[in-house]
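Produce the entire structure from the sequences given, and follow the hints as far as they go.
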Amino acid sequence: MSSGVDLEHVTIRFGDFTAVDDANLSIKKGEFFSFLGPSGCGKTTILRAVSGFNEPTEGTVRINGNDMQGIGPNKRPTALIFQNLALFPLMSVADNIAFGLEVEGIKYVERRRRAEELLDLIALSGQGDKMVSELSGGQKQRVAIARALAVEPEVLLLDEPLSALDLKLRQHMRSELRNIQQRVGITFIYITHDQGEALTMSDRIAVMSAGLIEQVGDGSTIYNEPETAFVASFVGENNPFFGKVIKADENYAQIQNKFGLLRGRNTQGLSEGDSAILFVRPEALSLVHGDEPSENVIESTILSEEFEGHSIHIHLEGETAKKIALSISNDGTGSKLQVGDTTKICFDVDRAIVLPEGDLADE
Amino acid sequence: MSDQLQNLDLPYFAIFLTFFLAVLSSLLVLAPTQRGISATWDYLKQVKFIERNGIVVSTYIVIAVSLWVVVMIVAPQFFMVELSFHDGTVAADVNYDYSQTPYTFNNYSYVIFGSGSDDSYFNVLHLKVFLRTIIASVCITLLAFVLCYPIAYYMAQTAKGGTVRLLLICLVLPFWVNEILRAFAFRILFGSSGVINSVLIGSGIMDEPFDFIKADIAMYAGLSYAYILLMIFPIYNAIESLDHNQIEAARDLGSSWSRIHYRVVMPYAKPGIASGCTMVFMLTAGALAAPQILGGPSSLWFTQIITNWFNLGDWTRGSAYAFLFLLSCIVFVLTVMKYFKVNLGELAK
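Just so you know, the protein sequences line up as chains A and B, in that order.
The working numbering puts the first residue of the first sequence at 1, with every later residue one more than the last.
The working numbering puts the first residue of the second sequence at 1001, with every later residue one more than the last.
It is possible that some hints are incorrect.
Said to hold, decoys possible - Below, computed lysine to any residue pairings styled on SDA-like, alpha-carbon distance capped at 25 Å:
hint, chain 1, residue 1, chain 2, residue 2
1, B, Lys1270, A, Met131
2, B, Lys1270, A, Val103
3, B, Lys1270, A, Arg281
Everything labelled a hint here was simulated from the structure, so no lab data went into it.
Predicted model only: the values in this text are computed from it and were never measured.
Next comes the structure, spelled out in structure tokens:
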């Protein structure tokens, strides 16, 4: 098929537990592809199936169109970057980077030269003789990347490599990783539970939940056009309004909710009587000033207000324990609201989306 | 005591003292702290040893450790070394009290040169046994390592909890049996009408029984088995703390299993390997039961010679032999450790 990584009906079971359920997707060569999902959703299992540490129970993993069944991790054109990096503590930085080359039987001088090149790439020139323990967290991170790149893999697999870093470094490393990927031009498959990482770095994202791939798409599609309630609630902040569909056509659906009738886009073909959730992003909600719109108006009590510089976050009492979040941009005048006040908020029908309730029914 | 001091031949006493200090310092080096007494005291003050543990526990620990070191280690060695410089040819009284006999180097020169009445210049017989004991101990240590490393690795990295417990029990249980009984069991196993010969003859591989005991195979097998726990546990401990991701990382980078062990696991487990090898070597070299019971008629272990001197009633010569042997083993171990760049401190890890 294509020259990237293909998963064809990949199912992975551990005993009775199905870690990955019928995963089907095609990752293009040179793509930065992320698997996003909460811990335990099977994303690491998929990564290990691509790298060769797990074999799929059913289905096929193809790299460059070749079936990888029975080919060990040491024979696959992939390199894995571990969550805890797994650098070799008793080897120097250069020896770590050159380990893959040492395995290939490349002579010391040549190894050392290649290691220096990679050290240049990761901006650690001349630090090859240091021990790993002498490096900072971000430097170790980059050494792990260099060690994986040294074997010139066709696919680089990254298992939450930034999760051990502090926030600032993490944000810095995001752009660094993206940079390195664009320079070397190989396929990156990135595992994360952090939607910010996935959205900022990836060409495409697969959102996973409980072993199932819920949706595959680029960042803005995932964020703006979620196909399932899980994707809508997991990626970014979202306000759910539970209800039954009382009126539906091919473009819009209306639900009956505690707050009244709410209408949003009907992308999943819901029909009358279906249990559904209407999702509205905090930034799509606004306070009612002046004339009240004809629909999608919610009246609720203000519970708290947070000032965050460029925006103001307001939390209102919701239908469940979960509050309604609203964020308005700071126009310099403040919200002029008091905690405890009752206010009206509204949203545009095209910025709300009605999705089947799915697994979120109990929330 | 004062009478004794007056009788002392001073130069001999000085030499004796130097020797003893050498033993003492080598023992001190073996202590994990490697500190002097005052430095140790400063250290204890610094970590608030007494404040932390309370006066009762602290006193108990200090007294217990001092007693252990002085009564069990320093004092016996001191008396043994002192004894080895006495002249055993002068008849001692019935209680083997040599304190009235003069100091001499005879016992030490005997180890190397023999009585002088032999044909050869050196004490060839004993030196040969000495060398063979060391070399055989090295071989047995290596054999034990080759046998134990895979088991330790399997238990530490591959096996699941239940399997590990089962394996541990299987390894430990046989050691509830007395060492001498175990040696006899090996003798029965390897005897001319023993299980192994019966099987070999029964299956038609051999026509007549092979004398495993005469060929010393029984002894080497018995000695290799005798101390495997002391090899497995330190290595197991060391490998257990190795992050499994490192093994997978090496594998992912294309490494073969042999290279993973050579480059990743073994360097990491080096302190454990050194600790296991040191213990097995020292104990094998100093073993008595297995060589006595399983050794062939022509084979002699150095410890048997030492025992023989004590049995013959010459404790001074036995002491000299024992002390020289201990010293040689320590020097040998330290040299090997230096070569493999292992610090003494790491052994206590």
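Structure-based check of all given hints:
no., hint, verdict
1, B:Lys1270 with A:Met131, "18 Å, holds"
2, B:Lys1270 with A:Val103, "21 Å, holds"
3, B:Lys1270 with A:Arg281, "57 Å, violated"
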